[in-house]
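Novice: Single-letter residue listing:
2 protein chains.
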Amino acid sequence: MLLSLSLSRRLLPHRHCALQCRNIKSENVARSAALDSVLSAFRSICGEDGVSLGEAVREQHGKDESVHRCRPPDVVLFPRCVEEVSALAKVCNNHHLPIIPFGTGTGLEGGVGAVKGGVCFSLRNMDQVLDLHQEDFDVTVEPGVTRKALNSYLRDTGLWFPVDPGADASVCGMAATSASGTNAVRYGTMRENTLNLEVVLADGTIIHTAGKGRRPRYTISVCTLKYAVLPSGGLNAIAFLFYLLSIFRKTSAGYNLTNLFVGSEGTLGIITKTTLRLYGIPEAVVSAVCSFPSVQAAVDSTVQVLQSGVPIARIEFLDDVMIDACNRFSSLSYPVTPTLFLEFHGSERSLEEQVNTTEDITQSNGGSDFQWARDAETRNRLWKARHDAWYAALALRPGCKAYATDVCVPLSRLPQIIVETKEDLIENRLTGPIAGHVGDGNFHCLMVVDPNDPEELHRVHLFTERLARRALTMDGTCTGEHGVGLGKRVLLCEEMGPMAIQVMQGLKDALDPKGLMNPEKILQPRVL
Amino acid sequence: MLLSLSLSRRLLPHRHCALQCRNIKSENVARSAALDSVLSAFRSICGEDGVSLGEAVREQHGKDESVHRCRPPDVVLFPRCVEEVSALAKVCNNHHLPIIPFGTGTGLEGGVGAVKGGVCFSLRNMDQVLDLHQEDFDVTVEPGVTRKALNSYLRDTGLWFPVDPGADASVCGMAATSASGTNAVRYGTMRENTLNLEVVLADGTIIHTAGKGRRPRYTISVCTLKYAVLPSGGLNAIAFLFYLLSIFRKTSAGYNLTNLFVGSEGTLGIITKTTLRLYGIPEAVVSAVCSFPSVQAAVDSTVQVLQSGVPIARIEFLDDVMIDACNRFSSLSYPVTPTLFLEFHGSERSLEEQVNTTEDITQSNGGSDFQWARDAETRNRLWKARHDAWYAALALRPGCKAYATDVCVPLSRLPQIIVETKEDLIENRLTGPIAGHVGDGNFHCLMVVDPNDPEELHRVHLFTERLARRALTMDGTCTGEHGVGLGKRVLLCEEMGPMAIQVMQGLKDALDPKGLMNPEKILQPRVL
Numbered sequence: 001m002l003l004s005l006s007l008s009r010r011l012l013p014h015r016h017c018a019l020q021c022r023n024i025k026s027e028n029v030a031r032s033a034a035l036d037s038v039l040s041a042f043r044s045i046c047g048e049d050g051v052s053l054g055e056a057v058r059e060q061h062g063k064d065e066s067v068h069r070c071r072p073p074d075v076v077l078f079p080r081c082v083e084e085v086s087a088l089a090k091v092c093n094n095h096h097l098p099i100i101p102f103g104t105g106t107g108l109e110g111g112v113g114a115v116k117g118g119v120c121f122s123l124r125n126m127d128q129v130l131d132l133h134q135e136d137f138d139v140t141v142e143p144g145v146t147r148k149a150l151n152s153y154l155r156d157t158g159l160w161f162p163v164d165p166g167a168d169a170s171v172c173g174m175a176a177t178s179a180s181g182t183n184a185v186r187y188g189t190m191r192e193n194t195l196n197l198e199v200v201l202a203d204g205t206i207i208h209t210a211g212k213g214r215r216p217r218y219t220i221s222v223c224t225l226k227y228a229v230l231p232s233g234g235l236n237a238i239a240f241l242f243y244l245l246s247i248f249r250k251t252s253a254g255y256n257l258t259n260l261f262v263g264s265e266g267t268l269g270i271i272t273k274t275t276l277r278l279y280g281i282p283e284a285v286v287s288a289v290c291s292f293p294s295v296q297a298a299v300d301s302t303v304q305v306l307q308s309g310v311p312i313a314r315i316e317f318l319d320d321v322m323i324d325a326c327n328r329f330s331s332l333s334y335p336v337t338p339t340l341f342l343e344f345h346g347s348e349r350s351l352e353e354q355v356n357t358t359e360d361i362t363q364s365n366g367g368s369d370f371q372w373a374r375d376a377e378t379r380n381r382l383w384k385a386r387h388d389a390w391y392a393a394l395a396l397r398p399g400c401k402a403y404a405t406d407v408c409v410p411l412s413r414l415p416q417i418i419v420e421t422k423e424d425l426i427e428n429r430l431t432g433p434i435a436g437h438v439g440d441g442n443f444h445c446l447m448v449v450d451p452n453d454p455e456e457l458h459r460v461h462l463f464t465e466r467l468a469r470r471a472l473t474m475d476g477t478c479t480g481e482h483g484v485g486l487g488k489r490v491l492l493c494e495e496m497g498p499m500a501i502q503v504m505q506g507l508k509d510a511l512d513p514k515g516l517m518n519p520e521k522i523l524q525p526r527v528l
Numbered sequence: 001m002l003l004s005l006s007l008s009r010r011l012l013p014h015r016h017c018a019l020q021c022r023n024i025k026s027e028n029v030a031r032s033a034a035l036d037s038v039l040s041a042f043r044s045i046c047g048e049d050g051v052s053l054g055e056a057v058r059e060q061h062g063k064d065e066s067v068h069r070c071r072p073p074d075v076v077l078f079p080r081c082v083e084e085v086s087a088l089a090k091v092c093n094n095h096h097l098p099i100i101p102f103g104t105g106t107g108l109e110g111g112v113g114a115v116k117g118g119v120c121f122s123l124r125n126m127d128q129v130l131d132l133h134q135e136d137f138d139v140t141v142e143p144g145v146t147r148k149a150l151n152s153y154l155r156d157t158g159l160w161f162p163v164d165p166g167a168d169a170s171v172c173g174m175a176a177t178s179a180s181g182t183n184a185v186r187y188g189t190m191r192e193n194t195l196n197l198e199v200v201l202a203d204g205t206i207i208h209t210a211g212k213g214r215r216p217r218y219t220i221s222v223c224t225l226k227y228a229v230l231p232s233g234g235l236n237a238i239a240f241l242f243y244l245l246s247i248f249r250k251t252s253a254g255y256n257l258t259n260l261f262v263g264s265e266g267t268l269g270i271i272t273k274t275t276l277r278l279y280g281i282p283e284a285v286v287s288a289v290c291s292f293p294s295v296q297a298a299v300d301s302t303v304q305v306l307q308s309g310v311p312i313a314r315i316e317f318l319d320d321v322m323i324d325a326c327n328r329f330s331s332l333s334y335p336v337t338p339t340l341f342l343e344f345h346g347s348e349r350s351l352e353e354q355v356n357t358t359e360d361i362t363q364s365n366g367g368s369d370f371q372w373a374r375d376a377e378t379r380n381r382l383w384k385a386r387h388d389a390w391y392a393a394l395a396l397r398p399g400c401k402a403y404a405t406d407v408c409v410p411l412s413r414l415p416q417i418i419v420e421t422k423e424d425l426i427e428n429r430l431t432g433p434i435a436g437h438v439g440d441g442n443f444h445c446l447m448v449v450d451p452n453d454p455e456e457l458h459r460v461h462l463f464t465e466r467l468a469r470r471a472l473t474m475d476g477t478c479t480g481e482h483g484v485g486l487g488k489r490v491l492l493c494e495e496m497g498p499m500a501i502q503v504m505q506g507l508k509d510a511l512d513p514k515g516l517m518n519p520e521k522i523l524q525p526r527v528l
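Taken in sequence, the protein lines are chains A and B. Once you know that position 141 of the first sequence is 141 in my numbering, the rest is easy, because the numbers rise by one and skip nothing. Once you know that position 177 of the second sequence is 177 in my numbering, the rest is easy, because the numbers rise by one and skip nothing.
Just chain A, with the same shape it has in the complex (with noise of 0.2 Å):
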């Protein structure tokens, strides 16, 4: 009841102040029936079952992984395919009711919270897997596909889908969000993965990004290691692995709205399907791990192992915090120093050559312990401490809930804001072991707080915008791949400046003139 009146109250504003001298009588009339009209509309497009108004679906749908608060919208809603999500926007557009797209929620920067109020689009029920061309690798996903869904889909097709953000995300919230993960070094981030979108603006209208159907080309060197027999009698390897050796759009047909819509967050519209750039499983993997004397001796390796050319898949740092804990949590053993986690992809032959490359590498530099293995299970258990470290960093405190902040500077000031940041925790008694995708400039603080405690909240709020601006200061950016959501639009008007700001606001208003597109998230409301 008190939602009702609550939605009614959004459905009626208007006409509120218009019948204010009227009787209350008429004018919860009035209100229960648009009420009614509006929810009925909801029903006829989508069914009973797509529209939920009970108290613990929006509690679910109203908050991600992060520490900003629930905010659960008025009603979910379901939609099992585009018409059914753009009749709703029409419905939403015409009752100036604002729509919140929601994937899995497992966003960093509180970017689904109906900050006011409004109507969540819940995808999950478009979960089909579209249009494998394997011969092209590519493919299209509705929202409801998460990237282990779609790998899994794609298991006996000699294909994948590396972009990997940690959770099992939705791939079409992936898009939405600019997600990249531990797989980018290699393979790349959403951006350079998303080859198309299908997008429902705020009013209803269905757009695809790079025209209906398209799937730009790129140019796709898959390759397998060659080798030829020497006059002296050896083998030499004289093609090494180029997945990714072209992977260039080439199309200049008019404005980029792939990449305009790639990383809005939901606030230029509902992204409905997602045409997908795939890559070639590799024929093996090794997994290696190695602990360094130093920041700077593990960041050092980094750069040299990017520098010689191997093509590693992943190369994680953690910093000895965040060691210590994983081996409190997973009865480890690692030394409690910086310690970098790597990945190689590759023919089975050039492995052994990635992997010694690397082991030369980070012995010149000081690592040691350098350990590696081929089959899976040695594999999982090396990097073991790495896929736990979430949960190892939220044992350091039970009770406590983790929030994980991210910024992104250039590798070569990487230990310097690593050990600069470390100071600050401790000066500033925040638990916030490091992990980072070192290969990128990208890391990690896993802030364990205990939400309880406003006060702490409140320097973990201080501590991650010094964070973003020791960032910004290193020519770096406030978030490398979480985005901006709630948490970092102050942040993102220091990083671009008033005037990119006022264009990014402007091409919201084209795209979006009522303002019912996930409002309030990346830009700042305005003031009137």
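No lab work stands behind these hints: they were computed from the structure. Incorrect hints may have been included.
Note: identical chains are not told apart, hence a pair may lie in one copy or across any two.
[To be verified] Pairs of lysine-lysine residues, derived as DSS-like cross-links and limited to a Cα-Cα distance of at most 27 Å, are as follows: (1) K63 x K116; (2) K514 x K63; (3) K422 x K90; (4) K514 x K148.
Using the hints provided, position chain B relative to the given structure of chain A.
Specialist: Frame of chain A, contents of chain B only:
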């Protein structure tokens, strides 16, 4: 005087209406005063020398290298810095005068014609190379810097900028048109190599698309070939060339403005600085040429070369007609068959492997006369046919003009579209030798046409439309690198669909509400 009248008419359209009942004399006085005021505002900003009303100068700035007719602007300005560009734009904005940015005029789709008159901003006096960061492999250039001037500036640094559309275009102009060219198969297009832009909007606002001074990071892999001694005594190449292993930009901070302006062809703003990604100059270069019995054999070889992992730098296709023309023009004796021109960049050691692999592949596809050369002189001789293709095509019909049209399709469709296009050319009695960046699925017909024969011009026009539509039916794009300009606006609508075009128009309106920026390019004028 005619010019002054024309400009003054544009200056006073509204006042003209308001004054229509008054006498002619007072109207002329007002016009003349407004004209004087605008021109003197221009002169006070960029000096006497910075404002040209001369007919020759205006004619020169009213056309590019296409067959689109010259549409001279009313006045040409030569600003010297971004502040002048901004101040001049404000004057234009206040007087509703169209603004047409001009780099070198080497475009191919009529992008610089002043179709509604107005003010040409020639940016040739802003020709400084700024902020070279050798360690970070990036540089910022003003719009008067051409790609050859930039590479000449970089000569002693060990770095170069590889995007090469053929013409010695302005690098900022290349960003504006999303140019690519022969090296794209390895180094990408302007989309991948533009890190940040300074842009002056129609109202004079200056923005930086990635934040002022920011140079979003790429992970750079510059690699040299290393050899390990095998137990057998042979050498094993353990690291091939990986210049391009990872050039992924990592930021998820707000809307991607950089990629919105790249390819916007001056319709959204004036690019006054471009920050570019640079590359290490390859240790050595090898060029090669090979003849094929069929288009299919040449394309199959291309695909296999790419798939084999050879990091080929250029792979250019000339058809039999083009080769015949080159033989005649340059007194060469290549077999008159489909031919590939190849270029390999790498370390001394790796190049031999690359060339051997490529030769094996071409032979297995029936390729013959495989020639290769390492020293500059022989290389130039080998590639002479490709370098002179434009002039060789022109020489087929003395007195005619050449016009290059451009489409791009999936590589697998390339043989079919080339065969069909050659049949079309013969059927319609057109001279159009074919040259293609075959590694990208991108090719050009170099139409040689009598500019004084309207019937032939019409046939060429119909042919280019058929060619583009053929590409569209094959999932391709109507332009891989020349852009839309005036010539491909209808085709862009067909490629993108009316809704996406409406979105593009909305973005244009948001950034340029008065429609002053390079009017009628990319998007057709609205029917009111």
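Novice: Indicate, hint by hint, whether the structure satisfies it.
Specialist: Right, here's what the structure says about each hint:
no.: 1; hint: K63 x K116; verdict: within (14 Å within a copy, 52 Å between copies)
no.: 2; hint: K514 x K63; verdict: within (24 Å within a copy, 41 Å between copies)
no.: 3; hint: K422 x K90; verdict: neither (50 Å within a copy, 48 Å between copies)
no.: 4; hint: K514 x K148; verdict: neither (36 Å within a copy, 48 Å between copies)
In the structure shown, a violation is registered for the earlier hints numbered 3 and 4, in ascending order.
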